[in-house]
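Chains as they are written, first to last, in my numbering: chain V, 1 to 291; chain C, 1001 to 1424.
These are calculated hints, taken from the structure and not from any lab test. Each hint should be verified, as a subset may be incorrect.
From chain V, some residues computed to sit far from chain C (all C-beta separations above 10 Å) [to be verified]: (1) Asp126; (2) Val181; (3) Leu218.
Per label pair, the in silico range of CB-to-CB distance [to be verified]: (4) Lys225(V) with Glu1285(C): 43 to 51 Å; (5) Lys225(V) with Lys1077(C): 26 to 34 Å; (6) Pro17(V) with Gln1075(C): 28 to 36 Å; (7) Leu102(V) with Ala1283(C): 37 to 45 Å; (8) Leu21(V) with Lys1079(C): 26 to 34 Å; (9) Lys1414(C) with Ile30(V): 38 to 46 Å; (10) Gly1107(C) with Leu52(V): 25 to 33 Å; (11) His1363(C) with Leu111(V): 43 to 51 Å.
Footprint (simulated), chain C over chain V, 3 or more residues, beta carbon under 8 Å [as the list claims (entries may be wrong)]: (12) 75-85; (13) 226-237.
We treat Cβ as the ideally placed atom computed from N, Cα and C, and that holds for glycine.
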Amino acid sequence: MKKVMSNKFVIALYTLPALFLILALIYIPIVLSGYYGLMDWDGIGQMTFIGLDNYVTLIQDKVFWTSTWHSLLLAIFSTASLLLYLAISLVLASKIKGSDLLRKIYLIPMLLSSVAIAQLWMKIFDPTNGMANKLLEMFGVENTPVWLADPAIALFAIFIPVIWQYAGFYILIYYAALKNVPDEVIEAAKIDGASALQIAFKIKLPLISGIFKVTVMLAVVGSLKYFDLIYVMTGGGPNGASEVIASYMYKEAFKLNNFGYGSAIGFGLLVLCLVMTWLTSKLTKSKDDVQ
Amino acid sequence: MSLALTGGLILGGCSSSSSDESSEASGDKTVVKMMHLWPEGSSNAQYTIVDDIIKTYEKENPDVDIQTEILGNEQYKEKIKVLSASNELPDVGITWAAGYMKPFVEGEMFAPLDDIAQKDKFVAGTLDAFSFDEKTYALPLELNITPVYYNKEIFKKYNLEAPKTYDEFLKVVKTLTDNKVTPITLGNKDRWTGSMWYMYLADRIGGPEVLNNAINRSGSFEDPALVKAAEEVKNLVDMGAFVKGFNGLSNDEAKGYFMNEQAAMYMMATWELPNYTTSPDVAQEFKDKVGYFKFPTYEGGKGNADSYVGGPGVGLFVSEQSKVKEEAKEFVSYLVEEWGKRSVVDAGVIPATFVDTNNAELHPMYIDILKDLENATNLTLYADVQMSAKVADVHLNQIQSLFGGESTPKQFTKAQEDALAAEK
Chain V
1 MKKVMSNKFV IALYTLPALF LILALIYIPI VLSGYYGLMD WDGIGQMTFI GLDNYVTLIQ
61 DKVFWTSTWH SLLLAIFSTA SLLLYLAISL VLASKIKGSD LLRKIYLIPM LLSSVAIAQL
121 WMKIFDPTNG MANKLLEMFG VENTPVWLAD PAIALFAIFI PVIWQYAGFY ILIYYAALKN
181 VPDEVIEAAK IDGASALQIA FKIKLPLISG IFKVTVMLAV VGSLKYFDLI YVMTGGGPNG
241 ASEVIASYMY KEAFKLNNFG YGSAIGFGLL VLCLVMTWLT SKLTKSKDDV Q
Chain C
1001 MSLALTGGLI LGGCSSSSSD ESSEASGDKT VVKMMHLWPE GSSNAQYTIV DDIIKTYEKE
1061 NPDVDIQTEI LGNEQYKEKI KVLSASNELP DVGITWAAGY MKPFVEGEMF APLDDIAQKD
1121 KFVAGTLDAF SFDEKTYALP LELNITPVYY NKEIFKKYNL EAPKTYDEFL KVVKTLTDNK
1181 VTPITLGNKD RWTGSMWYMY LADRIGGPEV LNNAINRSGS FEDPALVKAA EEVKNLVDMG
1241 AFVKGFNGLS NDEAKGYFMN EQAAMYMMAT WELPNYTTSP DVAQEFKDKV GYFKFPTYEG
1301 GKGNADSYVG GPGVGLFVSE QSKVKEEAKE FVSYLVEEWG KRSVVDAGVI PATFVDTNNA
1361 ELHPMYIDIL KDLENATNLT LYADVQMSAK VADVHLNQIQ SLFGGESTPK QFTKAQEDAL
1421 AAEK
């Protein structure tokens, strides 16, 4: 076995399937969409090469920049909500009663498909018959909001289910990480007289900081690419008030048949994701990583 | 006879993607290839009508063999595009009106059908949607117009009657809002829904041509009538005529308000008719409560009540490349005529040809609508269908902004004028 694995040819052979898949499904499409971005193309007929025109339009496109702003807002909100998830995980991991059950409950939204979640929350946000407004009415609110129809709050109304949807996922990650903190360390701290808060802040959190950085990255990039709930719940409306980059890209490419421009938006999104990833890793870098 | 038909149906069902006729004798027959989009499974009623018509036609013309290829809606659209790129369109096929068929006509893929288009047999305006430069390139099969449905029980409760003039209509709205009843349900997240309200107001105020002219650039979108129509929309919104949060509701959600009797009126195309007449899924009690009225006339306006917003659904084209063009045309004109006789009764689909309402067993609401259609003076095609995709998107976004109060009527018309002008 050892002999086989030291053969370079065999190693290459074994990595080939994965390499082929990642090339065919990720890298080649990235290059292609950059290339399509140079074309005036409706997705079916003749492609015409127009150089960087699409990218020039993109930079001047107001809708693109508002969509980018909305995507960044989502990134900020989901990063902030990580702290909430972390707090919940800390409580869950501290062996409280029923933590097993609670963990499962938090996981449920993750098991639902995005479209089902969207449908569910559209019912909740229904201005007349929805649960949200019925509740507000019970508390005596008279001018109940119209949620998804109000350009000022539509985007934030969608953030609520988004944050709810991913709670289970991040709580699970944090929970697993916290469970990996060695009991000996915590016991030693207890013997030294550390309080529960001190243990959490001085021992547990520093020990899982690596995981936390990873989740920040996941949340930021995931938010920038976010599409499904927004597409189903508002379609980017009313009049672009909840448009994000991915939904704008979809609209241009598939609804308005501007495949070339859609590709350019997609490429812009890729660049933005790369920049944000680099920025996040820079910002979350600490002294320990230098070693 | 009927046994033979059912036999044929079963055979047809087995090979839904290729010829549904035995091709043993097609050697010395003229083969006419046809593609349509009503698979036996999902559109059984339409499938059966077409299948029956083909069988009868073949019996009457023994030297012709019609071979069908049937695809679902989306696959159909794709395949037609691919086939046209390689110049292999079927002899007879189905197309959508206006913007959709424009590239095909410009590419000279469709044959002009003026020699078989009998203008007096079609409802006014239906052929126009399939015509370019005065030539007709397809014959319409379906037609949808847009009445306002209303809940008779709610109207009766507040002593209201179906309005004939716009002032009466405003009074109805006022009475309903005073009594805390939602007057109109509207799913404006889908945007074309609000567009129909705007189009009707534009038609009643400025006459049927004003919006068309703005779109085909012989007029302007800043025409006073179009601004006035936008002001009337704003007025309705300010009165609270539309259901709360309409800009966030899809058409289906909005429809729910009408079906659950939470709103008194709902404007939608006649494809909704089965829900109020024949559909077994809707309670009879509710169906009995639903009536409809034509969009009311506007005092001092140029439009009349017999002008409709609507659109033909699909039509039949003959390929310009076809080697059997004459036979194909003959078959198309036969199919359109026979389809017109059967589609309402068998499938609830209103054909673009006039229907003889005397000897058909139809629900009274269908008969009323069909009679209205005979008197139709004009049919204005949905604005977003008339426009190119890009301008349509501006139009639809502006509709949402106008209804939502983010655009003033002047900004609303200007944005569309700019978009239309930029296109030329």
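Hints versus structure:
no.	hint	in the structure
1	Asp126	violated, 7 Å
2	Val181	holds, 45 Å
3	Leu218	holds, 30 Å
4	Lys225(V) with Glu1285(C): 43 to 51 Å	holds, 49 Å
5	Lys225(V) with Lys1077(C): 26 to 34 Å	holds, 29 Å
6	Pro17(V) with Gln1075(C): 28 to 36 Å	holds, 32 Å
7	Leu102(V) with Ala1283(C): 37 to 45 Å	holds, 43 Å
8	Leu21(V) with Lys1079(C): 26 to 34 Å	holds, 30 Å
9	Lys1414(C) with Ile30(V): 38 to 46 Å	holds, 40 Å
10	Gly1107(C) with Leu52(V): 25 to 33 Å	holds, 30 Å
11	His1363(C) with Leu111(V): 43 to 51 Å	holds, 46 Å
12	75-85	violated (count 0)
13	226-237	holds (count 3)
Hint compliance for this structure: hints 1, 12 are not met, and every other hint is.
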